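K.L.:
The task is simple: from the sequences and hints, build the whole structure.
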Amino acid sequence: DVKVTQSSRYLVKRTGEKVFLECVQDMDHENMFWYRQDPGLGLRLIYFSYDVKMKEKGDIPEGYSVSREKKERFSLILESASTNQTSMYLCASSFVAGLEQYFGPGTRLTVT
Amino acid sequence: DAKTTQPTSMDCAEGRAANLPCNHSTISGNEYVYWYRQIHSQGPQYIIHGLKNNETNEMASLIITEDRKSSTLILPHATLRDTAVYYCIVRVGSDTNAGKSTFGDGTTLTVKP
Numbered sequence: 001d002v003k004v005t006q007s008s009r010y011l012v013k014r015t016g017e018k019v020f021l022e023c024v025q026d027m028d029h030e031n032m033f034w035y036r037q038d039p040g041l042g043l044r045l046i047y048f049s050y051d052v053k054m055k056e057k058g059d060i061p062e063g064y065s066v067s068r069e070k071k072e073r074f075s076l077i078l079e080s081a082s083t084n085q086t087s088m089y090l091c092a093s094s095f096v097a098g099l100e101q102y103f104g105p106g107t108r109l110t111v112t
Numbered sequence: 113d114a115k116t117t118q119p120t121s122m123d124c125a126e127g128r129a130a131n132l133p134c135n136h137s138t139i140s141g142n143e144y145v146y147w148y149r150q151i152h153s154q155g156p157q158y159i160i161h162g163l164k165n166n167e168t169n170e171m172a173s174l175i176i177t178e179d180r181k182s183s184t185l186i187l188p189h190a191t192l193r194d195t196a197v198y199y200c201i202v203r204v205g206s207d208t209n210a211g212k213s214t215f216g217d218g219t220t221l222t223v224k225p
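Protein sequence lines correspond, in order, to chains A and B.
All residue numbers for the first sequence refer to my numbering, where the first residue is 1 and numbers rise by one.
All residue numbers for the second sequence refer to my numbering, where the first residue is 113 and numbers rise by one.
Hint data in this document are derived by calculation from the structure and do not stem from the laboratory.
Everything hinted at is true.
The list that follows gives simulated cross-link-like pairs (lysine-lysine, DSSO-like), each with its CA atoms no further than 30 Å apart:
1. A:K3 with A:K55
2. A:K57 with B:K115
3. A:K55 with A:K70
4. B:K115 with A:K55
5. A:K71 with A:K53
6. A:K71 with A:K18
Using C-beta positions, here's what the derived DEER-type ranges look like:
7. B:K181 with A:E56: 26 to 34 Å
8. A:G16 with B:I175: 45 to 53 Å
9. A:R9 with B:T220: 19 to 27 Å
10. A:G63 with B:H189: 43 to 51 Å
Far from chain B by the CB rule (all over 10 Å, computed), these chain A residues:
11. K18
12. R68
13. I77
A quick note: this is a predicted structure, and the numbers were derived from the prediction, not measured.
Positions of the beta carbon are idealized from the N, C-alpha and C atoms, including for glycine.
P.N.:
Dropping the structure here:
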């Protein structure tokens, strides 16, 4: 089975802190994605990567950056956390040719 | 990517078939219909997808109308563990667009004993 893991299930950070969320997949997928999920807004794409060191902005990239140094690992970085970044963050991966995405369990981030 | 419309919520009796509808009247010829579900406090889970033919796997069946403007996800024998939010997504089949379409609010399916 495809496995996508995220570094934390729950995280509490203070305003202004730099926050790293890590995602690892074990199926050699080319594509990896970061979403945030908020009530009433559904899942929104922050960034995605289709290859190592490659990244593209999604719908809401402001306030976020990403890093993909190895194929299996995709990191989401909040340079200076703000309260409006309190959310559920979901990582996903997919094969190059196929579009089925496999999601991690999510990280619920609270910024106080 | 085409927009989809789903009912906000549905109930289903345990052991009965659950039929979840989705309208995608603006779908283009190269867009696939995907279904995912999200059980509370977990990440979304891929269920099934199709282009124009009906599809079946171990989890569900997908029925797409001939004009492709709507589809129905069928869970043949719903169990309590099928209680979840079900998302219907229409997506172009290319790498650069993969993942770019957002998930809407979906249908909350509640399976009752």
